[in-house]
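Asks: Chain residues, written in single-letter form:
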Amino acid sequence: MAKIVAQQSYSENKQAEVIMEESTEIVPDSVFKKFFLEVTSLTIFTLRFFKEVIKPPYEFNELMKQSFLIGYKSLPLVAITGFIIGLVLTIQSRPTLAKFGSESLLPAMVAVSIIREIGPVITALIFAGKVGSGIGAELASMNVTEQIDAMQVSDNNPFKYLVVTRILSATFMLPLLVIFADGVGLMGSFVGVNIKGNVSSYLFFSQIFQSLEFGDLFPAVIKTFFFGFAIGLIATYKGYYSNKGTEGVGKAANSAVVLGSLMVFIIDMIAVQVTSVLQN
Amino acid sequence: MLENSAKIEVKTKTDYKPNGNVVIKMEHLKKSFGNNHVLRDINLVITKGENLAILGQSGTGKSVLIKCIVGLVEIDDGKLLIYGKNISELKEKELIETQKKVGFLFQSGALYDSMTVRENLEFPLRKQLSSIPKDKLESIVKEALSDVGLDKAIDKTPSELSGGMRKRLGLARTLILKPEIMLYDEPTTGLDPITSKEISNLILEVQKKYNTTSVIITHDIECTRLTANRIIVLKDGVCAAEGTFEDLEKSADPWVRSFFE
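Which chain is which? The protein sequence lines are A and B, in order.
Throughout the first sequence, residue numbering follows my numbering, covering 2 to 281 in sequence.
Throughout the second sequence, residue numbering follows my numbering, covering 11 to 271 in sequence.
These aren't lab readings, by the way, just hints derived from the structure by calculation.
Warning: the hint list may mix true and false statements.
[To be verified] Lysine to aspartate or glutamate pairs mimicking EDC-like chemistry, simulated, CA-CA at most 20 Å apart:
| id | chain 1 | residue 1 | chain 2 | residue 2 |
| --- | --- | --- | --- | --- |
| 1 | B | Lys111 | A | Asp156 |
| 2 | A | Lys245 | B | Glu102 |
| 3 | A | Lys56 | B | Glu196 |
| 4 | B | Lys137 | A | Asp217 |
| 5 | B | Lys137 | A | Glu60 |
| 6 | B | Lys218 | B | Asp202 |
| 7 | B | Lys95 | B | Glu190 |
| 8 | A | Lys245 | B | Asp123 |
| 9 | B | Lys103 | A | Glu63 |
| 10 | A | Lys56 | B | Glu104 |
| 11 | A | Lys245 | B | Glu196 |
| 12 | A | Lys52 | B | Glu102 |
| 13 | B | Lys103 | A | Asp269 |
Chain A with its partners taken away, still in its complex shape:
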């Protein structure tokens, strides 16, 4: 891996290159060292993102294009998933609530579940699968076919053009997709409620809005920015520094999904703790 990174050796990334090269020489087979190297390299990559995101020129056109591809093109998948989640959650929860005579709480319970937790997490996982793998594979194949090198030698900044735009798009598109998925999920829940009952849409949504508080919505939306950032960051990192060869493309796509999904759960765990501390 050190060799591959060294071959890319862009001037802005010399630090990461040197760290990876030298450390691999010291203890080539140590799992701990490899983990340390990966974390160090990812940290440098992240810092470089923040440096490049501020520095002009800005790639607005590419940002818009990526936002369209990442956001708009994910709408159908997110809509279907959200609808099914809302429907299934409602149908599964009804018998339990019925046992306690609390069937009337069904819309409120489903709404809080979807908006606080299920909507953001499931959408983020779907997003990691669809968008994360796509970005990882795309950048890795560009790396394999020397397209990233070609950008570098033609006086363009591939990091800014490829990495910054994709991370920003992922960061800002995921919250919008989550809000959309939440809405469609509630529609699914409405259908689920009416399979075995007859509740008007006015009553259903009145119950939902009465049960929801600002404290349910705000943290749920904020954490999705972090989900999007983490998914974009991992995917671009894995693609940008993929091994040369077709195997590297597969590995980059796979790692982007696995690590991106893992990061979603880790961030979710931290977000729950932070939210509960702040609310108390």
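Go by the hints and put chain B onto chain A.
Replies: The following block gives chain B in isolation, referenced to the frame of chain A:
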């Protein structure tokens, strides 16, 4: 196709006379990847207008050498001077300005798959796009395509092009920035002999039209014969032999001679 190709006119090399106008100079240049010492001690001078071919077995560091020149690989030790400037000592802005003078034709062409031929050619000019009028941009793109004989491919995507056309488009994209030094990484690899000859001719045409200095990494002896004014042979990370095609063809060293057999 065969009839047409039989008519391919073979261009002749320009009468190159060694001059004191040094474009690239390497002094004790070294590069290693871990314990793999790829370039051990490279000393080389390339002068203005020269076509230098670099031969050597696979893995001897030919591509690494030209990637050092273009800045894709950082050297470990020694000096690399481009137009008299030591690139290791240059600040970022100066380095970018120096590297702008260097064009690189990748072995695979390295075309942007998601873009059309036109977009591929416009991409290197992105920084100047706002200052170039649309009709001027159109003429720049068309001229670049015309130089490599791809006038009709402007709205195609790279996947619709043949191997030879991809190489030519890669060359057009490089030339659009008007480099003074052209680096060719195995320009004829994977091409049939006729297309290889076309690419070799193109290298000569580019050199004549733009007065470029060229460094050509190749395994193709015919391409070397047609294009190179001077040849160096790399072995174990050092320059093992140097001379004209005729000199090296008759070299006393059987290993060097074996490249030309």
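Asks: All the hints need checking, so say for each whether the structure fits it.
Replies: Comparing the hints with the structure gives:
At roughly 10 Å between alpha-carbon atoms, Lys111(B) and Asp156(A) fall within 20 Å of each other, so this suggested pair holds. In summary, the hint linking Lys245(A) to Glu102(B) is not supported, as the alpha carbons are separated by about 27 Å, beyond the 20 Å threshold. Taken as a hint, the Lys56(A) and Glu196(B) pair is broken in the structure, with Cα atoms around 36 Å apart against an allowance of 20 Å. Among the hinted pairs, Lys137(B) with Asp217(A) is inconsistent with the structure: their alpha-carbon atoms are about 45 Å apart, more than 20 Å.
For the proposed pair Lys137(B) and Glu60(A), the alpha carbon gap of about 11 Å is at most 20 Å, so the pair holds. Distance restraint check for Lys218(B) and Asp202(B): the Cα-Cα separation of roughly 24 Å exceeds the 20 Å cut-off, and the hinted pair is therefore not satisfied. The hinted pair formed by Lys95(B) and Glu190(B) meets the criterion: a straight-line CA distance of about 15 Å does not exceed 20 Å. With a C-alpha separation of about 17 Å, the suggested pair Lys245(A) and Asp123(B) falls inside the 20 Å cut-off, and the hint holds.
A C-alpha spacing of about 24 Å is found between Lys103(B) and Glu63(A), which places the hinted pair above 20 Å, so the restraint is violated. For the hint pairing Lys56(A) with Glu104(B), the CA-to-CA distance comes to about 18 Å; that is within 20 Å, so the pair holds. Proximity of Lys245(A) to Glu196(B) is assessed by CA-CA distance (about 18 Å); at most 20 Å being required, the pair is judged to hold. For the given pair, Lys52(A) sits about 15 Å from Glu102(B) by alpha-carbon distance, which is consistent with the 20 Å threshold.
With a C-alpha separation of about 43 Å, the suggested pair Lys103(B) and Asp269(A) falls outside the 20 Å cut-off, and the hint is violated.
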